[in-house]
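Enquirer: Take 1 as the starting number for the sequence shown in the working numbering and just add one per residue.
Derived from the structure by calculation, the hints contain no laboratory data.
Virtual Cβ for every residue (Gly too), placed ideally from N, Cα, C.
Heads up, a few of these hints could be off.
Claimed, not checked - Dumping the calculated BS3-like pairs for lysine-lysine here, alpha-carbon to alpha-carbon at most 30 Å:
| # | residue 1 | residue 2 |
| --- | --- | --- |
| 1 | Lys619 | Lys555 |
| 2 | Lys452 | Lys270 |
| 3 | Lys470 | Lys459 |
| 4 | Lys189 | Lys270 |
| 5 | Lys254 | Lys300 |
| 6 | Lys555 | Lys453 |
| 7 | Lys300 | Lys352 |
| 8 | Lys466 | Lys270 |
| 9 | Lys470 | Lys53 |
| 10 | Lys466 | Lys453 |
| 11 | Lys453 | Lys270 |
Unchecked claim - Beta-carbon label-pair distances, calculated as ranges:
| # | residue 1 | residue 2 | range |
| --- | --- | --- | --- |
| 12 | His374 | Arg611 | 16 to 22 Å |
| 13 | Arg283 | Ser539 | 51 to 57 Å |
| 14 | Glu324 | Val131 | 33 to 39 Å |
| 15 | Ser537 | Glu587 | 53 to 59 Å |
| 16 | Ser531 | Asn268 | 24 to 30 Å |
| 17 | Asp174 | Thr306 | 25 to 31 Å |
| 18 | Asp552 | Glu371 | 52 to 58 Å |
| 19 | Ser537 | Asp208 | 37 to 43 Å |
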Amino acid sequence: MRKFSVTLMITLMLSANSYCMDLFQSDSAFIPDIETFMQIGWSSDGSISPDGKIILFMTSFTDANQLFRLTPEGWPYQLTTFKDGIDFYSPSYDFKYAVVGASVGGNEDAQLYLLDVMTGRIKKLTDSPEVRYGAPIWTRDGSTIYFRSNKTNGTDFQVWKMNILDGEEILVQDKTGYNGPAGLSRDGKYLLTYTYTSNVDNNYYLYDLATSEERLLTPHEGDAMCESFSLTPDGTTAYIVTNANEDGIARLAKMDIASLEIEFLEDNSKWENEGCLLSDDGRYLAWRVNDEGYSKPYIKDIKTGTMLPTPPLEGMFGDGWMSEVKSLLFSFNSPTMAPDLWLWDWETQTLKRITYSTYAGIDPSLFTDPELIHYESFDGLEVPAFIFLPAGYKGGEIPFIIDAHGGPEGQYRPSFARHFQYLLLNGYGILAVNPRGSSGYGRDYMAMDDYKKRLNSIKDYAWAAKWLIKNGYTRESMLGIKGGSYGGYVVMASLTEYPSLYRAGIDNVGIVNFVTFLQNTRDYRRAMRESEYGPLSDSAFLSSISPIHKMDKVKAALMVVHGENDPRVPVGEARQIIDAMQARGAEVVSLIYPDEGHGISKLSNRLDYYRQMVDFFDKYLKSK
Numbered sequence: 001m002r003k004f005s006v007t008l009m010i011t012l013m014l015s016a017n018s019y020c021m022d023l024f025q026s027d028s029a030f031i032p033d034i035e036t037f038m039q040i041g042w043s044s045d046g047s048i049s050p051d052g053k054i055i056l057f058m059t060s061f062t063d064a065n066q067l068f069r070l071t072p073e074g075w076p077y078q079l080t081t082f083k084d085g086i087d088f089y090s091p092s093y094d095f096k097y098a099v100v101g102a103s104v105g106g107n108e109d110a111q112l113y114l115l116d117v118m119t120g121r122i123k124k125l126t127d128s129p130e131v132r133y134g135a136p137i138w139t140r141d142g143s144t145i146y147f148r149s150n151k152t153n154g155t156d157f158q159v160w161k162m163n164i165l166d167g168e169e170i171l172v173q174d175k176t177g178y179n180g181p182a183g184l185s186r187d188g189k190y191l192l193t194y195t196y197t198s199n200v201d202n203n204y205y206l207y208d209l210a211t212s213e214e215r216l217l218t219p220h221e222g223d224a225m226c227e228s229f230s231l232t233p234d235g236t237t238a239y240i241v242t243n244a245n246e247d248g249i250a251r252l253a254k255m256d257i258a259s260l261e262i263e264f265l266e267d268n269s270k271w272e273n274e275g276c277l278l279s280d281d282g283r284y285l286a287w288r289v290n291d292e293g294y295s296k297p298y299i300k301d302i303k304t305g306t307m308l309p310t311p312p313l314e315g316m317f318g319d320g321w322m323s324e325v326k327s328l329l330f331s332f333n334s335p336t337m338a339p340d341l342w343l344w345d346w347e348t349q350t351l352k353r354i355t356y357s358t359y360a361g362i363d364p365s366l367f368t369d370p371e372l373i374h375y376e377s378f379d380g381l382e383v384p385a386f387i388f389l390p391a392g393y394k395g396g397e398i399p400f401i402i403d404a405h406g407g408p409e410g411q412y413r414p415s416f417a418r419h420f421q422y423l424l425l426n427g428y429g430i431l432a433v434n435p436r437g438s439s440g441y442g443r444d445y446m447a448m449d450d451y452k453k454r455l456n457s458i459k460d461y462a463w464a465a466k467w468l469i470k471n472g473y474t475r476e477s478m479l480g481i482k483g484g485s486y487g488g489y490v491v492m493a494s495l496t497e498y499p500s501l502y503r504a505g506i507d508n509v510g511i512v513n514f515v516t517f518l519q520n521t522r523d524y525r526r527a528m529r530e531s532e533y534g535p536l537s538d539s540a541f542l543s544s545i546s547p548i549h550k551m552d553k554v555k556a557a558l559m560v561v562h563g564e565n566d567p568r569v570p571v572g573e574a575r576q577i578i579d580a581m582q583a584r585g586a587e588v589v590s591l592i593y594p595d596e597g598h599g600i601s602k603l604s605n606r607l608d609y610y611r612q613m614v615d616f617f618d619k620y621l622k623s624k
């Protein structure tokens with residue numbers, strides 16, 4: 001009897017265990033709703049103390065982005081609790097304090113706060129709601145910060161400094177334009193600064209803090225960008241990334257500060273360098289190459305000239321941060337993996353995951369990677385794009401969405417997008433296009449849509465749509481287009497220039513009238529945008545490329561999304577579209593969020609927007 005009971009017990013246990021293992025298998029077709037997808041987490045903007053014992057990072061466990069510190073046990077400790085989250089932070093060299101920037105309602109007018117990294121105590125350093133502060137740089141002794149501010153006139157960004165103890169703001173450089181601090185020499189005698197004349201042209205300077213003399217470090221002719229600038233500890237050399245070369249490809253280079261001679265350290269690869277990072281002791285150099293959208297990291301021992309092992313990951317590597325214990329902290333994500341922080345020890349070749357973003361109960365093995373393709377545009381130009389197809393796609397026409405990136409000098413990179421994966425699991429295809437004018441492919445490609453060539457990039461999107469249709473992926477009645485910021489302009493231009501190609505479109509914080517956009521955008525942005533779109537004085541041309549004057553051509557269903565406090569593309573752009581559509585009796589779905597700016601950042605608003613986005617596309621692209 002006893003033997004029988006034990007046998008029976010084991011049998012029952014095995015049966016129960018087998019039953020439990022089958023619980024999820026029986027529900028393999030279940031797909032969580034879009035609200036659940038929107039709660040997939042992320043962690044980014046990591047930094048690590050010199051001794052490697054303190055790690056700071058940003059995430060949005062709550063409704064908005066906040067700053068966290070990892071405890072020695074690896075538990076995230078929340079340091080900030082701003083209602084609208086934080087915009088940026090900068091730790092002091094010893095990681096005892098951090099300067100935090102926080103704005104209200106998406107207006108981007110960040111104020112500065114001093115934060116005690118261990119206790120979370122905080123105090124306000126600035127109190128000028130109409131002024132925008134940014135780019136704080138600490139002195140090594142932690143007594144002073146240098147920062148960027150438009151306090152003088154609201155238009156020009158200049159370099160200021162503040163003694164943390166007395167809080168007095170002192171103007172360092174009285175220059176016009178868009179200027180800011182980029183670093184300090186090790187001896188504290190020189191300040192590295194930058195000036196942007198447009199989105200495709202800038203300069204770096206070495207400013208003598210004792211004599212107020214400024215020296216140009218990056219002389220060049222025409223447009224050229226220097227996107228990283230790291231001084232060695234002795235101040236004699238800098239490692240930079242610049243496209244100031246014959247073919248306009250951003251590459252890693254070494255600059256002699258005395259002579260300003262530049263030696264490019266990479267071969268003549270057609271792929272651009274994303275940026276470089278120099279260790280505090282000047283021995284190790286890390287950089288990333290943008291290989292047609294994909295990110296490839298490199299690490300070099302400058303003293304020995306040896307290339308060092310890199311993390312065994314394939315995807316998108318974010319900005320890194322080196323400690324003095326020969327380790328690299330970096331963010332990483334891919335189309336199927338949410339952003340998290342990782343720590344790489346190149347001596348022991350040990351890779352450690354630091355943060356673990358929630359997948360909100362969703363199995364990430366269901367997610368889909370894209371394929372890189374190239375298609376021929378109207379003039380024979382080969383345009384790169386990433387095509388996503390639902391898992392198990394067997395061919396035939398399916399609802400498809402073309403995704404338009406912002407910028408316009410942006411670039412779609414194969415990174416994690418929650419709503420992409422939701423749409424794919426629900427039978428949609430997605431094509432993310434990098435038309436002429438995109439960054440990542442060199443200076444010439446990026447300039448191919450400037451000024452009078454603006455509509456050529458819209459043709460690239462139209463030819464992408466035609467490529468999908470020609471190859472049997474979809475048809476006009478099942479094709480939508482969506483985009484944010486400049487991508488929102490692409491949507492509106494596509495629906496007015498090619499009204500029969502698309503069934504539905506979503507414009508998110510997009511431009512619709514270049515004249516009113518340039519008139520109403522913040523003063524500090526106008527000059528930089530005119531170099532791309534054309535001068536406000538050429539109102540006739542600007543009007544000719546503005547969709548607002550062609551709204552009678554729109555046939556597609558339309559959704560317009562905007563933040564009331566948008567400082568970059570004022571909400572008046574959205575209201576012009578809504579008014580024009582309503583004036584002709586056409587239906588338009590309008591989502592204007594009173595507590596948002598240039599984009600939808602708060603979780604509560606994201607949940608609402610993406611729910612309505614899905615319902616909108618389902619209604620128009622899946623209906624028979």
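Enquirer: Hint by hint, note whether the structure agrees.
Expert: Going down the list of hints, with the structure as the test:
1. Between Lys619 and Lys555 the CA atoms are separated by roughly 15 Å; this keeps the pair inside 30 Å, and the hint holds.
2. For the suggested pair Lys452 and Lys270, the alpha carbons sit about 27 Å apart, so the restraint of at most 30 Å is met.
3. The hinted pair formed by Lys470 and Lys459 meets the criterion: a straight-line CA distance of about 16 Å does not exceed 30 Å.
4. At most 30 Å may separate the alpha-carbon atoms for a hinted pair to count; Lys189 and Lys270 exceed this at roughly 38 Å.
5. Restraint check: the Cα-Cα separation between Lys254 and Lys300 comes to about 13 Å, which is no more than 30 Å; the hinted pair holds.
6. A hinted pair counts as satisfied when its Cα atoms are at most 30 Å apart, and Lys555 with Lys453 qualifies at roughly 25 Å.
7. Restraint check for Lys300 and Lys352: the C-alpha separation of about 20 Å stays at or below 30 Å, so the hint holds.
8. Pair hint Lys466 plus Lys270 holds up; C-alpha atoms about 28 Å apart against a cutoff of 30 Å.
9. Restraint check: the Cα-Cα separation between Lys470 and Lys53 comes to about 56 Å, which exceeds 30 Å; the hinted pair is violated.
10. Taken as a hint, the Lys466 and Lys453 pair is honoured in the structure, with Cα atoms around 21 Å apart against an allowance of 30 Å.
11. A hinted pair counts as satisfied when its Cα atoms are at most 30 Å apart, and Lys453 with Lys270 qualifies at roughly 24 Å.
12. The hinted window of 16 to 22 Å between His374 and Arg611 is violated, with their beta carbons roughly 35 Å apart.
13. Distance hint check: the CB atoms of Arg283 and Ser539 are about 55 Å apart, consistent with the given range 51 to 57 Å.
14. Separated by about 36 Å at the C-beta atoms, Glu324 and Val131 satisfy the suggested range of 33 to 39 Å.
15. The beta-carbon spacing between Ser537 and Glu587, approximately 37 Å, falls outside the hinted interval of 53 to 59 Å.
16. At roughly 28 Å, the beta-carbon separation of Ser531 and Asn268 lies within the given 24 to 30 Å, and the hint holds.
17. In this structure the hint that Asp174 and Thr306 lie 25 to 31 Å apart at CB is violated, the actual value being about 46 Å.
18. Remark: the range hint 52 to 58 Å for Asp552 to Glu371 is contradicted by a beta-carbon distance near 38 Å.
19. With their beta carbons about 38 Å apart, Ser537 and Asp208 fall inside the hinted range of 37 to 43 Å.
The structure fails to meet hints 4, 9, 12, 15, 17, 18 from the earlier list, while all remaining hints are met.
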